[in-house]
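Undergrad: Sequence:
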Amino acid sequence: MPDPSNSPNSPNSPGAPNQKVQFPGHDGQPLAGRLDMPAGPVKAYALFAHCFTCGKDAVAASRIAQALTQHGIAVLRFDFTGLGGSGGDFANTNFSSNVADLHAAADHMRRHLQAPALLIGHSLGGAAVLAAAEGIPEARAVATIAAPSDPSHVVGLLREHADTIAAQGEAEVQLAGRPFRIRKQFLDDVAEQALLAKVSRLRRALLVLHSPLDDTVGIDNATQLFIAARHPKSFVSLDHADHLLTRREDAVYVANTIAAWSQRYLGIDAATLPAAAVEEGLVRVEENHAGKFQQQVTVGKHRLLADEPVSFGGLNGGPAPYDLLLAALGACTSMTIRMVAERKGWPLEHVSVSLRHEKIHAADCAECDTRDGKVDWIEREVTLRGPLDAQQREALLAIADKCPVHRTLHSEVVVRTRAAPEEGAAQRPWAPPGRAPAPPARRLAADRGRIRGPEPAAAGVPPSFLAIVILWRSPVQTDANPTNKIDPRQAAATAAATAAAAAPSRPR
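Each number in my numbering comes from the position in the sequence shown (counting from 1) with 1 added on.
Note that these hints are calculated values from the structure, not bench results.
Backbone N, C-alpha and C define an ideal beta-carbon position, used for all residues, glycine too.
Please note: incorrect hints may appear among the correct ones.
[What the hints assert, rightly or not] Cβ pair distances, simulated, as ranges:
{"hint": "1", "residue 1": "Ala391", "residue 2": "Asn257", "range": "25 to 33 Å"}
{"hint": "2", "residue 1": "Glu250", "residue 2": "Glu350", "range": "28 to 36 Å"}
{"hint": "3", "residue 1": "Asn257", "residue 2": "Cys366", "range": "33 to 41 Å"}
{"hint": "4", "residue 1": "Leu158", "residue 2": "Thr384", "range": "48 to 56 Å"}
{"hint": "5", "residue 1": "Pro322", "residue 2": "Glu173", "range": "41 to 49 Å"}
[Claimed, not checked] No farther apart than 25 Å at their CA atoms in a straight line, the calculated lysine-lysine pairs in the BS3-like style are these:
{"hint": "6", "residue 1": "Lys199", "residue 2": "Lys234"}
{"hint": "7", "residue 1": "Lys360", "residue 2": "Lys375"}
{"hint": "8", "residue 1": "Lys293", "residue 2": "Lys21"}
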């Protein structure tokens, strides 16, 4: 379990974005948890309760937790007793044991992190955090998502088995396609809960989020919770969302709303939210354990997700790796064209670049020198808008091939892989063989905005390298004739002259 003396878990230090934790539940059984950490300092800690039988790794739980970390909020989510990776028998659990597990999780956070200042619950988990709040005095704000106003609402999911449970004391039921054993004590326990009375004496800031289209827990439940609560209280309608928040945009919206709303009560100053803990010039990619492939990408102060499509086993939470490659090439192409047009004073109004990548057999490629195996084919189409003459269009199209990313893809690329130093060890500088490392800011200043050819090979470059061979067709569409495509080879001489005039002399 996390050690408070270690910097990754210090309230004011950045940590791993996602850590597995384990702690004892209400009856001593081990509970499996996941701690989602911001890339920078932690501004507040939140405790998340998942929906009935869902688990900590449910899509909504994962997405909400990850989005909250972007606001400096660390989130502990865990499997209730008998679910997911936690120990115990689900048949022996009930609503009261869920509340007790939340208290156990809060105790763990007090000992090893910080007590949770924010409680968040989804569906029956929302009812659970409302009931648990009075036992977690450090919690200053509570947010519920699609929560029932009465825990006995869950009995409606079991009505087909009510007679069997009453007669035999238990029954096996199918919930979300999985079998669960429900005992009479579970039904008796939820019937005894007086949740609205607890809400009326909550004395914490409350945010109720609910969809009017929720056909599992109706919107009237949100009304009852809101009426029972005292101020400060807020309600947000999740239009178009379903009960489980299966759409990524709904989960991210919920997280962003909770983060913005809770700042007032958690003492978070939006202006002091941390930048990503990555130096300029360095790109960090790391798993966030949401789905099979999803990655957190940090570039300076910027953060985004990379993922694979659902058809490939991912969550489609962000661009795939080749999509990011195309995006880099497209952005570089557009920027280079814009820079040259501005320097030449040409009337370019808008640039659009569309790209597609696929692998084709070399034998099917007339332009390829390679005849065996497959090659990467990238189709790039550039649209130029504005009253440009034919010569200007031809030159700008040919300039696209001069963009730095294009040249990198066509040049010899050395990819060196090394093991990261262990924690506490001296960091080795980043530098190509035979060249002293330059400060990142100075190196970027020297590289940014240049139109140039590839660097000469540095002394000592090892013979093994990754050669990326990519074929290009770069048509341009004119405003007058969208199908008019100009061969860039015909504009080579014009492009060379334009590039020479546009590029400043490069310091050596």
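Undergrad: Hinted pair, alpha-carbon criterion (25 Å max): Lys293, Lys21. Please report holds or violated.
TA: Holds, at roughly 16 Å.
Undergrad: CA of Lys360 to CA of Lys375, is that 25 Å or under?
TA: Holds, at roughly 6 Å.
Undergrad: Falls inside 48 to 56 Å, the C-beta gap from Leu158 to Thr384?
TA: The hinted range 48 to 56 Å holds for Leu158 and Thr384, with Cβ atoms some 53 Å apart.
Undergrad: Are Pro322 and Glu173 spaced within 41 to 49 Å by their CB atoms?
TA: holds (44 Å)
Undergrad: Taking the Cβ atom of Ala391 and the Cβ atom of Asn257, is their distance within the range 25 to 33 Å?
TA: Between Ala391 and Asn257, where Cβ atoms are some 48 Å apart, the hint is violated.
Undergrad: Check the following: the C-beta atoms of Glu250 and Glu350 are separated by a distance inside 28 to 36 Å.
TA: Roughly 32 Å apart at Cβ, these two residues keep to the hinted range, so it holds.
Undergrad: Within a Cα-Cα threshold of 25 Å, do Lys199 and Lys234 meet the stated pairing?
TA: holds (15 Å)
Undergrad: State, for the Cβ atoms of Asn257 and Cys366, whether the hinted interval 33 to 41 Å holds or is violated.
TA: violated (46 Å)
Checked against the numbered hints listed earlier, the structure breaks hints 1, 3; every other hint is satisfied.
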